[in-house]
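Given only the sequences and the hints, what does the whole structure look like? Please build it.
Keeping their order, the protein sequence lines are chains W and R. Okay, so the first sequence: first residue is 12 according to the numbering used here, each after it adds one. Okay, so the second sequence: first residue is 12 according to the numbering used here, each after it adds one.
Possibly wrong hints are sitting among the right ones.
[To be verified] Cβ-Cβ distance ranges computed for the label pairs, FRET-style: (1) R96/R x D106/W: 39 to 45 Å; (2) W157/R x F15/W: 55 to 61 Å; (3) D124/R x K28/W: 26 to 32 Å; (4) M121/R x I67/W: 46 to 52 Å; (5) F15/W x P263/R: 33 to 39 Å; (6) P263/R x R148/W: 16 to 22 Å; (7) H256/R x F15/W: 35 to 41 Å; (8) G117/R x R69/W: 34 to 40 Å; (9) E71/W x R164/R: 58 to 64 Å; (10) A267/R x T36/W: 27 to 33 Å; (11) V302/W x H256/R: 50 to 56 Å.
[What the hints assert, rightly or not] Computed footprint of chain R on chain W; a stretch qualifies when at least three of its residues, placed anywhere within it, have a C-beta under 8 Å from a C-beta of chain R: (12) 26-35; (13) 96-108.
The hints are simulated quantities; they were obtained by calculation from the structure and are not laboratory data. Each residue gets a CB set at the ideal place from its N, CA and C atoms; glycine is no exception.
There are 2 protein chains.
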Amino acid sequence: MSVFTPVPEAVLSQWLKNYAIGRLTELKGISAGVQNSNFFVTTTLGRYVLTLFEGIGRAELPYYLHLMAHLARHGLPVPAPIANRDNEYLGTIKDKPAALVMRLSGASVMAPDEHHCTRVGAMLAGLHLAGMSYGRRQPNPRGPAWRTQTAARVHAYLPEAEQALLDREIAFQATIDTDALPAGAIHADLFRDNILWDGEVIGGVIDFYFAGNDTLLFDVAVTLNDWCSLDDGSLDPVRSDAFLHAYHAERPFSDAERAAWPAMLRAAALRFWLSRAEDFHLPREGEMVLVKDPDEYRDILRQRIAWSPALPAV
Amino acid sequence: MSVFTPVPEAVLSQWLKNYAIGRLTELKGISAGVQNSNFFVTTTLGRYVLTLFEGIGRAELPYYLHLMAHLARHGLPVPAPIANRDNEYLGTIKDKPAALVMRLSGASVMAPDEHHCTRVGAMLAGLHLAGMSYGRRQPNPRGPAWRTQTAARVHAYLPEAEQALLDREIAFQATIDTDALPAGAIHADLFRDNILWDGEVIGGVIDFYFAGNDTLLFDVAVTLNDWCSLDDGSLDPVRSDAFLHAYHAERPFSDAERAAWPAMLRAAALRFWLSRAEDFHLPREGEMVLVKDPDEYRDILRQRIAWSPALPAV
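Rendered as structure tokens:
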């Protein structure tokens, strides 16, 4: 899979005639994109991001685009997709599905403090609350079935101690019943690089292309593991408390969630350990994916097995 | 009609529980609002404007709110209304219809130059192009029927020379057939104070509460008369050319529009002369409307009768 499709200005100018956003004044590739081809597009009437989808099937895209539209419509700083003159969000450029979204302002913060974690907790709860009225359904593409299959694929590449850890965790997770937990549309990848800060305030929540329907608590665990971990994988209690209390203030945790929380933190760690181990040991040919360190999430998993914080009670 | 309804923070905080935008952190009345009560609302998740509708019937509001949503969805800098948890744009505060919209950034420019007029021309064309796929219909509330009725109401209050001007113009406009002109959703009040500039760029187009379905050319004329007039009511040819060519580049004028143009410029001038004359001579009791000078638009009408610029040809 080649992840970068060049788009000449003449091609884009022609394509923009399907829209009502004026003339192209600037087109700039975004180098940070590793999964899709992304461009900053400026016209006489506004600033947008163009995405050519390189690895996601056309049938899956309406779920993501309409989810982004739904959340933006509910007042959250999510890049709203732009409808063309036929009222469609999805078009085609160079035989690839393509969409324009609003460009939001801000930059990632990679060393967040308590304040940032408070904002992120409240934002995640806002996404979950607004998502409750979203009508489309699509399973989390990195859910339990994917987890079991991926564990089987990477198992042979791991050192013995990690094989034992993996076997034990897969067996443990198979005993967890999540049916009683509140579920809905989740972002599922709300890492630090997917939030843009405009000063102290969240200016944008981006990259919804791992979203799906799953338990909300899984999303809380994914987010906490990225935003509140120390270098050794253990949790920073100050940031962790700030994040969880801010979430809880908007959408109070249920008793069932409090009971499932330690297992969910481990499931969230396992999910990223597995995907990173797969990218590392079984890279897909020609793919320009930035390989991230799987050991980071192996360590987070070990730390969560050793200890998990309690969820706030009423 | 009292135009300002105070909204205590406690009332708003309770009302915001219907939304997914976090907690209220700041509430501030906007003194500029003369038709409705407007407030800047800041929450933990974003910045919004709250409007309590003081003089517009609840039945007319969905046309305006859905038009704003439609235009924002098409990538234009229009304040998108915020849906509550029931997916509704319109709520109620203190027995008045109330809506939240996104707060856009920027400030009005009251002495625009050629550059501003180019941007505004392109933006107006973008609004018209995006509006073509808008499904709802509502007649322009300040259209031909209103014009005739209002002329009859204000006639007696005018000096003799103005009565003659009014009589002649009403008679002239009655001879104009607009059926062949492209029509659609128009803003109908795109004055300088309804565009927010973020540096050189339009950050927001606001106040859609005079919008309706009418000929697009009427909107072009209303906008030109405000943005490109000199103090004596005559047109600044530099700004006027910039505005018209920028519009024409996005949505080329038709032959029928070129023929109707001088009459349309006069119709647009007449509309504001009449509404200002009515506000001046027949103020509604208790209304805190900022009375604007009717003579400005009397002079613009006289100047357009004397001379009108040609619309650009292909």
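Quick rundown of the hints versus the structure:
Taking the beta carbon of each, R96/R and D106/W are about 40 Å apart, inside 39 to 45 Å as hinted. As the Cβ distance of W157/R to F15/W is approximately 56 Å, the hint placing it in 55 to 61 Å holds. In this structure, D124/R and K28/W meet the distance hint of 26 to 32 Å, their C-beta atoms being roughly 29 Å apart. In this structure the supplied range 46 to 52 Å holds for M121/R paired with I67/W, their Cβ-Cβ distance being about 48 Å.
At roughly 36 Å, the beta carbons of F15/W and P263/R sit within the given window of 33 to 39 Å. Checked against the given bound of 16 to 22 Å, the beta carbons of P263/R and R148/W, roughly 44 Å apart, lie outside it. In this structure the supplied range 35 to 41 Å holds for H256/R paired with F15/W, their Cβ-Cβ distance being about 37 Å. Distance hint check: the CB atoms of G117/R and R69/W are about 37 Å apart, consistent with the given range 34 to 40 Å.
Restraint check, E71/W to R164/R: a C-beta distance of roughly 60 Å satisfies the suggested window 58 to 64 Å. The hinted range of 27 to 33 Å is satisfied by A267/R and T36/W, whose Cβ atoms lie roughly 31 Å apart. Checked against the hint of 50 to 56 Å, the C-beta distance between V302/W and H256/R comes to roughly 52 Å, which is consistent with it. Evaluation of the coverage hint for the stretch 26-35 of chain W: fulfilled, as 5 residues show C-beta separations to chain R shorter than 8 Å, against a requirement of three.
With a threshold of 8 Å between beta carbons, the proposed coverage of the stretch 96-108 of chain W by chain R holds, since 3 of its residues qualify and at least three are required.
In terms of the numbered hints stated before, the structure departs from hint 6 and from no other.
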